[in-house]
Amino acid sequence: MSLSRRKFIQLAGLGLGGALLAPRTVLASGGIEAEDSVAMLYDATKCVGCRACQNACKDWNGNPAELDPSGLYDAPKELSADTWTLIQLYEGEGERSFVKLQCMHCLHPACASACPVHALQKTPEGPVTYDPGRCIGCRYCMVACPFHIPRFKWDAVLSEVAKCTFCNDRLAVGKGPACVEACPTGALIWGRRGELLAEARRRLAAHPDRYVNHIYGEHDAGGTSVLYLSHVPFEKLGLPALGPEPVPELSEQAGLLVLPTLLLGVPLALAGTRYLTSRQVKGGEA
Amino acid sequence: MTTITQKIRTIPRIVYVLLLLTLFGVAVGIYRLAVGLAQATNLNDHYPWGLWIGLDFFTIPAAGAAFTVSAISHFFGREDYHKVLRPAILAGLLGYLGVVAILILDLGRWHQFYNILVPPYINLHSFLEEVALSITLYTIVLVLEIAPTLLERWNLETPIRWLNRLILIISAVGVVISTVHQSSLGSMYLILKHRLHPLWWSPIVTLLFLTQALFGGLATAAIVVKLTQEKLGMVVDRPLLVRMGRLIRALLVFYLICRVGDWLVAGKLGLLFTSGGYSLLIWAELIMGALLPLAILFSRHGERADGVFWAGVWVLMGLFVHRLTVGWLGLMAPAWATYVPHWIEVMSSVGVAAGILLAFILVARFFQLFPEHELSH
Chain A
1 MSLSRRKFIQ
11 LAGLGLGGAL
21 LAPRTVLASG
31 GIEAEDSVAM
41 LYDATKCVGC
51 RACQNACKDW
61 NGNPAELDPS
71 GLYDAPKELS
81 ADTWTLIQLY
91 EGEGERSFVK
101 LQCMHCLHPA
111 CASACPVHAL
121 QKTPEGPVTY
131 DPGRCIGCRY
141 CMVACPFHIP
151 RFKWDAVLSE
161 VAKCTFCNDR
171 LAVGKGPACV
181 EACPTGALIW
191 GRRGELLAEA
201 RRRLAAHPDR
211 YVNHIYGEHD
221 AGGTSVLYLS
231 HVPFEKLGLP
241 ALGPEPVPEL
251 SEQAGLLVLP
261 TLLLGVPLAL
271 AGTRYLTSRQ
281 VKGGEA
Chain B
287 MTTITQKIRT
297 IPRIVYVLLL
307 LTLFGVAVGI
317 YRLAVGLAQA
327 TNLNDHYPWG
337 LWIGLDFFTI
347 PAAGAAFTVS
357 AISHFFGRED
367 YHKVLRPAIL
377 AGLLGYLGVV
387 AILILDLGRW
397 HQFYNILVPP
407 YINLHSFLEE
417 VALSITLYTI
427 VLVLEIAPTL
437 LERWNLETPI
447 RWLNRLILII
457 SAVGVVISTV
467 HQSSLGSMYL
477 ILKHRLHPLW
487 WSPIVTLLFL
497 TQALFGGLAT
507 AAIVVKLTQE
517 KLGMVVDRPL
527 LVRMGRLIRA
537 LLVFYLICRV
547 GDWLVAGKLG
557 LLFTSGGYSL
567 LIWAELIMGA
577 LLPLAILFSR
587 HGERADGVFW
597 AGVWVLMGLF
607 VHRLTVGWLG
617 LMAPAWATYV
627 PHWIEVMSSV
637 GVAAGILLAF
647 ILVARFFQLF
657 PEHELSH
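These protein sequence lines map, in sequence, to chains A and B.
Numbering of the first sequence is given in the numbering used here, commencing with residue 1 and proceeding in unit increments.
Numbering of the second sequence is given in the numbering used here, commencing with residue 287 and proceeding in unit increments.
Hints are supplied without guarantee of correctness; some may be wrong.
[Claimed, not checked] Pairs of lysine-lysine, DSSO-like flavour, derived with a Cα cap of 30 Å:
id : chain 1 : residue 1 : chain 2 : residue 2
1  : B       : Lys479    : A       : Lys77
2  : A       : Lys77     : A       : Lys58
3  : A       : Lys58     : A       : Lys153
4  : B       : Lys479    : A       : Lys153
5  : A       : Lys175    : A       : Lys153
6  : A       : Lys153    : A       : Lys77
7  : A       : Lys236    : B       : Lys369
8  : A       : Lys77     : A       : Lys175
9  : A       : Lys46     : A       : Lys236
10 : B       : Lys517    : A       : Lys236
11 : A       : Lys58     : A       : Lys46
12 : A       : Lys58     : A       : Lys175
[As the list claims (entries may be wrong)] Here are the computed distance ranges between Cβ atoms for each label pair:
id : chain 1 : residue 1 : chain 2 : residue 2 : range
13 : B       : Thr624    : A       : Pro132    : 25 to 33 Å
14 : B       : Leu558    : A       : Asp155    : 37 to 45 Å
15 : B       : Leu436    : A       : Leu268    : 27 to 35 Å
16 : B       : Trp569    : A       : Thr273    : 32 to 40 Å
17 : A       : Gln253    : B       : Lys554    : 16 to 24 Å
18 : B       : Lys554    : A       : Glu91     : 33 to 41 Å
19 : B       : His397    : A       : Asp74     : 28 to 36 Å
20 : B       : Leu410    : A       : Thr273    : 26 to 34 Å
21 : A       : Leu67     : B       : Tyr317    : 27 to 35 Å
22 : A       : His214    : B       : Thr624    : 28 to 36 Å
23 : B       : Ile573    : A       : Pro64     : 43 to 51 Å
The set of hints was computed from the structure by calculation and includes no laboratory data.
Glycine residues also receive a C-beta, built at the ideal position from the N, C-alpha and C atoms.
Using the sequences and the hints given, assemble the complete structure.
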């Protein structure tokens, strides 16, 4: 059995409402537990590829539609500064599946770890937010993201990074993400991460024949706030096998080790060699 | 003495060409800032980094001439290096100014680049932040280190006396910042394991970058010393160049051992032959940047000023390929995505390079880069 989508959202919303009214931008370490933060669950087996989510995203965020050369609306082919979520179709060897792309809102985002000025931050509420007032436009985030999500407004004189916001501005007024609320089939639901994981496990247990036995995003890349269920191997849907370690792990550990070593070691070494060589010179003169 | 002075005062014709290229670079640079990245570059969502980043990442270790020579002369008791400290510092400073110029062009939100210095914004987890802080601080250090050379022309004794008194501390700070800076540039790749081609990604990328900065900096220093002494009509300091060559040689051997050892441990040796275009890049880099200079330096040419000079040139060319790879070509993009630098990216870079050369030539002609008695050989 599974919760009806509406009921689920109501349940999740009750607990979250208070916390979400005033989203703060502080690091995830000291805030709401990951299991209580907001998340999304996309079930590829329920998605019919109607792109309602894609259009709702553009509508809410004021992103222009893509036009073909004759000026008619055309479906975007990839994520861009104007397309923050995208439905794509995988077809191969007798299997087919839609897949929804957008920011994964990682629990330990590489983009936020890479950003020199904290323009990208993981909020304890769940969304990974972007502040153009801080951003210097170095694009390290774009290179660092293992999902290749952040895009750039190249056309502007002063460019900005652009990506899915988890509709942080809608959460602030008690609404769910635009894409989720537009989904007609229940392929996309949102709520607390812990409850969505429980729901995903229920579905896997109830229909083991229907799914790959893995909740993508539960542990992948250290966990993400967008979770996936699928009947097709996730790598074929463009979701890479990244392992359970957060992408920034090695870099952040090295920072703790290398910097103090150099800051202490190099001055000591310089003082030491200077002392030794000056003694040698004096000794030579004597 | 007068003949040398006359020589110094006559400006070579190339300066006018360099001036034109610099001015053109400044013009297209201003155009880029006025119209944004899309119209002046071919950078895109799949190639967010390109020629400019590659060139910056090359110039930084090449400008390591300043901190390597400064460390050796001040802290390893090598008087012979002291004589070439000024040209090395000048090369370093001009290199860093070039890096800053290209960075400004590259940043999408250059109008608030100072955010890297705003304390509540600083992200110490980000090795790019460490790189940015280092560039800022080290440029200041280099200005202080070169200041006596410039000030003495107008006999400003008091500030010179103060700078000379503090020179050990200033230079120690410079060496510390440089080691942090050059290694952090490598550490920036620790978070890019999924993006940088495995031949270049390594858990010891930090050490590899620092080592490259040491031999790359010395290579620049050797080239600068030989050319400057030659053009100023001085006797080229062959013994010093040979000692630099030996140091470069030792560092290159250490580097190669680390690099090959890392591939061996990670089981990546096969990739050297099976990576298509990347195989070409890695061999170009290894042959030009390590094998060829080692062959020169281990042969009798290593005992000659020319030999060390050319070894240095090859080292820098190999380094150039390496940094263009890690800054641009080696950051894997979908097969169908393309990026070829826009002519504005190329010409603005040419302008910066020309500006560096121009400034060096002018300072070398009008200021005292070598002790006076050296000139009267």
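Do the hints match the structure? See the list:
no.: 1; hint: B:Lys479 x A:Lys77; verdict: holds (27 Å)
no.: 2; hint: A:Lys77 x A:Lys58; verdict: holds (14 Å)
no.: 3; hint: A:Lys58 x A:Lys153; verdict: holds (15 Å)
no.: 4; hint: B:Lys479 x A:Lys153; verdict: holds (25 Å)
no.: 5; hint: A:Lys175 x A:Lys153; verdict: holds (27 Å)
no.: 6; hint: A:Lys153 x A:Lys77; verdict: holds (17 Å)
no.: 7; hint: A:Lys236 x B:Lys369; verdict: violated (62 Å)
no.: 8; hint: A:Lys77 x A:Lys175; verdict: holds (28 Å)
no.: 9; hint: A:Lys46 x A:Lys236; verdict: holds (17 Å)
no.: 10; hint: B:Lys517 x A:Lys236; verdict: violated (62 Å)
no.: 11; hint: A:Lys58 x A:Lys46; verdict: holds (22 Å)
no.: 12; hint: A:Lys58 x A:Lys175; verdict: holds (16 Å)
no.: 13; hint: B:Thr624 x A:Pro132: 25 to 33 Å; verdict: holds (28 Å)
no.: 14; hint: B:Leu558 x A:Asp155: 37 to 45 Å; verdict: holds (41 Å)
no.: 15; hint: B:Leu436 x A:Leu268: 27 to 35 Å; verdict: holds (32 Å)
no.: 16; hint: B:Trp569 x A:Thr273: 32 to 40 Å; verdict: holds (37 Å)
no.: 17; hint: A:Gln253 x B:Lys554: 16 to 24 Å; verdict: holds (22 Å)
no.: 18; hint: B:Lys554 x A:Glu91: 33 to 41 Å; verdict: holds (34 Å)
no.: 19; hint: B:His397 x A:Asp74: 28 to 36 Å; verdict: holds (34 Å)
no.: 20; hint: B:Leu410 x A:Thr273: 26 to 34 Å; verdict: holds (29 Å)
no.: 21; hint: A:Leu67 x B:Tyr317: 27 to 35 Å; verdict: holds (28 Å)
no.: 22; hint: A:His214 x B:Thr624: 28 to 36 Å; verdict: holds (35 Å)
no.: 23; hint: B:Ile573 x A:Pro64: 43 to 51 Å; verdict: holds (50 Å)
Hints 7, 10 from the list above are not met by this structure, while the remaining hints are.
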